[in-house]
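Visitor: Residue numbers (our numbering), protein chains in the order written: chain A, 1 to 268; chain B, 1001 to 1357.
The hints are simulated quantities; they were obtained by calculation from the structure and are not laboratory data.
Here the structure is a predicted model, which means the values were calculated and not measured.
Errors might be hidden in some of the hints.
[Unchecked claim] Examples of chain B residues toward chain A, derived with CB under 7 Å: (1) 1022; (2) 1225; (3) 1226; (4) 1229; (5) 1232; (6) 1236; (7) 1237; (8) 1238; (9) 1240; (10) 1244; (11) 1246; (12) 1279; (13) 1283.
[Said to hold, decoys possible] The list that follows gives simulated cross-link-like pairs (lysine-lysine, BS3-like), each with its CA atoms no further than 27 Å apart: (14) A/120 <-> B/1249; (15) A/115 <-> A/127; (16) A/175 <-> A/196; (17) A/115 <-> A/77; (18) B/1184 <-> A/77; (19) A/85 <-> A/175; (20) A/14 <-> A/128; (21) A/85 <-> B/1249; (22) A/128 <-> A/114; (23) A/127 <-> B/1249; (24) A/129 <-> A/114.
Think of the CB as a built atom: it goes at the ideal place given N, C-alpha and C, for glycine as much as any other residue.
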Amino acid sequence: MTATTTTQPIVQAKDLSKSFGRVVGLADCSFELYPGEVLAVVGDNGAGKSTLIKCLSGALSPDSGEMYIDGEAVTFKSTNDSRAKGVETVYQTLAVAPVLDISENLYLGREIRKKGILGKVFRSLDKKKMRAEATQSLNDLGVLTVQSITQSVETLSGGQRQAVAVARAGAFGSKVVILDEPTAALGVNESARVLKLIKDLRERGMSIILISHNMPQVFDVADRIHVQRLGRRAAVVTPQSHQMNEVVAIMTGAMTVPEAEQQLTPVR
Amino acid sequence: MSSTAPTTAADEFADKASTMQKVQSSLHRYPWLSPLFVLALLLVIFGVLGLVMGVGDLENFFKPGTISLMLQQTVIVGTLAIAQTIVILTAGIDLSIGAIMVFAQMFMANLAVYTTASNVTFMAGQNPVLAVFIGLIVATLAGGLNGFLIVRFNLPPFIVTLGTLSIFTALTLILFKARTIQGKEMPDFMLLMSTKFELGPLTFTLGLIVMLLLYVLFAYILRGTAWGTHVYAVGDDPVAAELSGINVKRVLFSVYVVAGVVIGVAAWITIGRTAAASPNVAPEINLETITAVVIGGTSLFGGRGRLLGTLLGTFIIVVLDFGLSLAGLDQAYRVLAIGVLVIAAVAVDQWIRKVKA
Ligand SMILES: Nc1ncnc2c1ncn2[C@@H]1O[C@H](COP(=O)(O)OP(=O)(O)OP(=O)(O)O)[C@@H](O)[C@H]1O
Ligand SMILES: [Mg+2]
């Protein structure tokens, strides 16, 4: 057994399972994310990475297993429940509404209403405030390369859309940000910007789960690497303890790592 | 240096391309621009034909009496098209709008008027205010039934509303035995929406005012409230909306309920407009509302469009109707023109959707 530590995982899962009919997405999968770290989740296509984070964000409910946020047992019925606990997710499909503009997207599902009777009785949105704060949070993240906050998202480039999605995740006092393949569709420069964004979020004290197929990027930003294989955790290693080709070998099952050589405790 | 070279064909081409792009992105931003353009064009054409060339009776087109009549003619399609717009914005469709409207107006009239030729005589003879109110509730419940079936059983709106179209048409015949109740049989309150008043040279009806107020109200709701934003988001991409924390099923259900309320108001307006409650009123009303919405620039694929466009689309239908018949042309030409407009509108929509910054 590894030595007990005083640090509690900010997000933890025990024996999560999820099947889709006869297809197994997750099989007794364990997971720990520690405060302030970037944890990369890697694995082959269909290894269950997206399924894992969808359970953690409430988009799917697991068939069995437990989940804990800050040590407290949780069950999420919808993504709103995880958001309420400070867990924000950028999905592989981005989950933005292309016809809506940037600020509407940032505030989708948690719009701000005007003060007083206009807001309470007439349900009037405070568009001015939402636009101002949307501009502010894009600025904070250094991603304000868009022409206008009222531009519809479908007119943005892939990298700009990704930036909007990441800004949305980082904008609401969240503690944990989950990113599912944020750079998959991006060019070199745009990828670099998103990686910078991830490091910035970590600087601000957020804990980050990063799903990626891109090993150089994973080795660039990750503190620890969770290797997913066939619906369960195959190993947790670090960029220092293992080489890229070794991580790939773990992914494919060509190599196994004894628990004593894994990094199951925080490094930060 | 090439920068000082005179304009080449290629430059000109680039200019043209960017003009087209500007048109495309303007239409993208303001989808009601195309129906506005079509309406203006129609008015100009009818104006030239009538006032300059003296074709047919078109000179009467711009007389206050004709304009008043055209405006009053918009109320049934125009009001129902509000309900259709909200439904279509969610990428749905409502084929039962006309059937529910007829059912609701027959319900109202048969409550207020005692006729032996009905199967609801036991509850006839109500206070007309109560009769209208109950009719509104009935339409709301009918909309709720659509929403419930769509949301609860995950059925396509097209199929559900095709079914309820038959169901409510049948219920109208079964309960009310298809007897038309004339306006003169009804208490005055039933015909309140036909109340006329002068506004300058024009004659308005209360029904027209109510319709316009509904447009203002729903334009605000769709663009100024969170519910409106959610309607757009759900129509645009329901999966993304759900992941963003929107309760997609609740939004969809509420959309059909709200459509039901609007249909109920339209039923009352229709009694006033036609001075009767008849099972055969406006047999093509479903297609007309869809036409108004589509010509108005709202996308059948959901998430895209404005209520103002629908109002303009309604005007286009009525203006074409009056203009062509005053020009002495057969009804068939109006149907033909509407067909062309619908296809053009959908083509424009497809083009706009490809916009890039
Ligand atoms: N909604 C679903 N219905 C049916 N099967 C699903 C569904 N979602 C995932 N699966 C299946 O579950 C397994 C794990 O899928 P998951 O999307 O989690 O993989 P992944 O590791 O994210 O893969 P990728 O790298 O391709 O994104 C796959 O076999 C997949 O086909
Ligand atoms: Mg995935």
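Visitor: Decide if the proposed pair is consistent with the structure: residue 1184 of chain B and residue 77 of chain A, CA atoms, cutoff 27 Å inclusive.
Guide: violated (57 Å)
Visitor: Classify the hint on residue 1022 of chain B as holds or violated, based on whether any CB of chain A lies nearer than 7 Å to its CB.
Guide: violated (13 Å)
Visitor: Below or equal to 27 Å on CA atoms is what counts here, so check residue 128 of chain A against residue 114 of chain A.
Guide: holds (9 Å)
Visitor: Would the hint on residue 1283 of chain B be counted as holding, given a Cβ-Cβ threshold of 7 Å to chain A?
Guide: For residue 1283 of chain B, the interface hint is violated, since the closest Cβ of chain A sits about 34 Å away, which is over 7 Å.
Visitor: Given residue 1240 of chain B as an interface hint, is its Cβ closer than 7 Å to any Cβ of chain A?
Guide: holds (4 Å)
Visitor: Please check whether residue 1244 of chain B passes as an interface residue: C-beta within 7 Å of a C-beta belonging to chain A.
Guide: holds (4 Å)
Visitor: Against chain A, with CB atoms and a cut of 7 Å, does the hint on residue 1237 of chain B hold up?
Guide: holds (6 Å)
Visitor: Hinted pair, alpha-carbon criterion (27 Å max): residue 85 of chain A, residue 1249 of chain B. Please report holds or violated.
Guide: The given pair, whose Cα atoms are some 23 Å apart, holds under the 27 Å limit.
Visitor: Holds or violated: is there a CB of chain A closer than 7 Å to the CB of residue 1225 of chain B?
Guide: Holds, about 4 Å.
Visitor: Is it true that the CA of residue 14 of chain A sits at most 27 Å from the CA of residue 128 of chain A?
Guide: violated (44 Å)
Visitor: Holds or violated: residue 1236 of chain B as interface residue toward chain A, Cβ cutoff 7 Å?
Guide: Holds: closest Cβ of chain A sits about 5 Å from residue 1236 of chain B, inside 7 Å.
Visitor: If you draw a straight line from the CA of residue 127 of chain A to the CA of residue 1249 of chain B, is it 27 Å or shorter?
Guide: Status holds; Cα separation ~25 Å.
The structure fails hints 1, 8, 12, 13, 17, 18 and 20 (numbered hints given earlier, in ascending order).
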